Amino acid sequence: MMVSLARKTLLHEWRRFLPAMLAVSFATLLQLLQAALVLGIFGGAAVYVSDSNADLWVGYPGTQSVDQGRPIDGDIASLLEMNPQIESVEPFYLLDGDWRGGHGTGGVSVFVSGVSTRPGAMMFARVLTPALRARLAYPESVIVDPADLNKLGVQVGDTASVNGHLVRVVGTARGLRALGGADIVTSLQTARMLDPAPSDSGGPTYLVARLRHPAAASSVVADINGHSGFGRYQAWTAPAFARLSVLFWLFNTGAGAGVLFLAVIVFVVGAIITSQALMAAVAASVNEYATLNALGVGKRSLRWVVLEQAFWVGACGVVLASVLAALLIWLAHSNNVPVAMQPSVAAACLGLVMALVAVSGLMAMRSMQRADPATLLR
Amino acid sequence: MPYSNTVIDPNPMLVAENLTKSFTSGQLSTRVLDDLSVEIGAGALTLISGPSGCGKSTLLSILSGLQAPDHGRVLALSESLQAMDAKRVEAFRLHHTGFVFQGFNLFPALTAREQVQLPLQYMRLSAQEITRRADEALAEMGMAHRQHLRPAALSGGEKQRVAIARALAKAPALLFADEPTSALDAANGQIVIDLLHRIARNHGTTVLCVSHDPRLISHADRVLTMEDGRILDDSDRGAR
Ligand SMILES: Nc1ncnc2c1ncn2[C@@H]1O[C@H](COP(=O)(O)OP(=O)(O)OP(=O)(O)O)[C@@H](O)[C@H]1O
Ligand SMILES: [Mg+2]
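Residue numbers (our numbering), protein chains in the order written: chain B, 1 to 378; chain C, 1001 to 1240.
There may be inaccurate statements among the hints.
[As the list claims (entries may be wrong)] Selected chain B positions facing chain C (Cβ under 8 Å, derived; list incomplete):
1) Leu5
2) His12
3) Gln369
4) Pro373
Read the hints as simulated data drawn from the structure, not as lab findings. Computed from a predicted structure; not experimentally measured. Where a beta carbon is used, it is the ideal one built from N, C-alpha and C, also for glycine.
Bound conformation, chain B alone (with noise of 0.2 Å):
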């Protein structure tokens, strides 16, 4: 029963914060959109390790990025399978790959993935189903992403040649998408066959591990990275490394910088339009509040009325941002358009646009100033 002036004046002059919640609404898609892009384009460094199911990887010591992968010893993984923690080991091939297609589409330069056949098999069980992965036993077969039949100038069942050996399309998979180039899909045999320089030794790029216990990844971890004299390796849990590849792509490319940059700019352009309307709101209101103040009310309950206006504002636009941004995304991505989201990129967005949000509010506060009472008696 508490008469909230803040809540009242909102409602009854909605119009006069419209532009301050559509600002706000503008802040927070504009943030969520780019955050989306970015996920889900520089995603893309780290499809090897979403789009399959093992708690572990094991590579080269030092390594930036799943893409810039060296090989390792082979023998690692029999060190692997004494660990009681791990359930089963599997092998994963990363080359690079000069592709020739038919139609003159010229070298397509692509990354070559070599997996384990096996059913069950950890590499990509996200998008190869079993008969597709079947399809991969026999020699010479790779599967490609649909969308990147154009660019590599093929349909299912035409030939190619990758480092000058042939291989034929047996089918596509959508999620194979790499950034700059393409990924092909083949068999661990097919792999090596294509390798134009095999290491020594031979070795897989990675060793990906199944865990008895996923929960326990990180100390398993810790476990294996304590191990020595097993030669050169590193181990990340799955989230760590795609983390890892994410990142570094998004700050190898300068991309990291620019949504910085953007992200300032739309901050700095959101907080002085939400503040101008607060303040506006507050000027066409100022005869009443120095009014409150004379009869008592203080200063500093009438900026907590801004303030409170400054947050319902807020909070209407991130909702109606929200919904949209939701609906934006799933329309991106049933467009074949790279996004993504995750629970805590979309809070960090939400934060930062109720920080500016604050912001605006504490800078229409000083416009209470003007709301002195002696004015009002001439």
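Assemble chain C with the ligands onto chain B, guided by the hints.
Coordinates of chain C with the ligands only, in the frame set by chain B:
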């Protein structure tokens, strides 16, 4: 003597001692209040009248603690406003003073009832007490039947009555009004000054009203006539 104080009030609510106030604009300094002293008692409607620009509003704002004088002091309810810091003056106003202005200064978003309840919320009163006081004040101003209307739906006279109810609900010892009738027609002006007079009588409130409207003079218990920052004439009707 420039004026004669015909009533000796043993316990005046409001005492001004040697008030001086000047305003400087550019090189020019104008003295708006010139060594002005006055005592104002409770339970009466005191009217300050005088030509435009003679310092009436300035005097009212100093007496009510909205502005500080250059020299002199104000004793309100036996407390010196000049001895208080800004926060304490605010608290003093919250608990002891009501204001009515020429413009009604009602929030467009609030109903008449909410306008009256709003300042009460800051006085740490219970919810029932707030409701009770607001409803009583509105009823006393004859606005109970209009209490759910917003200012846009009220006439000028009704708006001013809501504004008076807002001041009255605080149960202030001091009620200040600056030109409360000048935005109203004659009939509504009569109603408003009558209401202010009744508040002084029925609640024992010290009502200090500034107006240059000569028609109000007959409604006042005491009329102070100002000119050039001084009080020229003090006529007490002793009507109390
Ligand atoms: N803040 C200020 N700055 C400068 N001059 C001021 C200020 N306030 C008042 N004055 C001047 O002081 C003089 C007295 O003003 P005041 O408002 O007290 O007059 P008034 O008697 O209320 O007049 P009116 O009947 O027209 O309302 C005027 O000449 C005015 O210009
Ligand atoms: Mg005046």
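Hints, one by one, checked against the model:
1. Leu5: This hint holds: leucine 5/B lies near chain C, its Cβ roughly 6 Å from the closest one there, short of 8 Å.
2. His12: This interface hint holds because 3 Å falls under the 8 Å limit.
3. Gln369: violated (13 Å)
4. Pro373: holds (5 Å)
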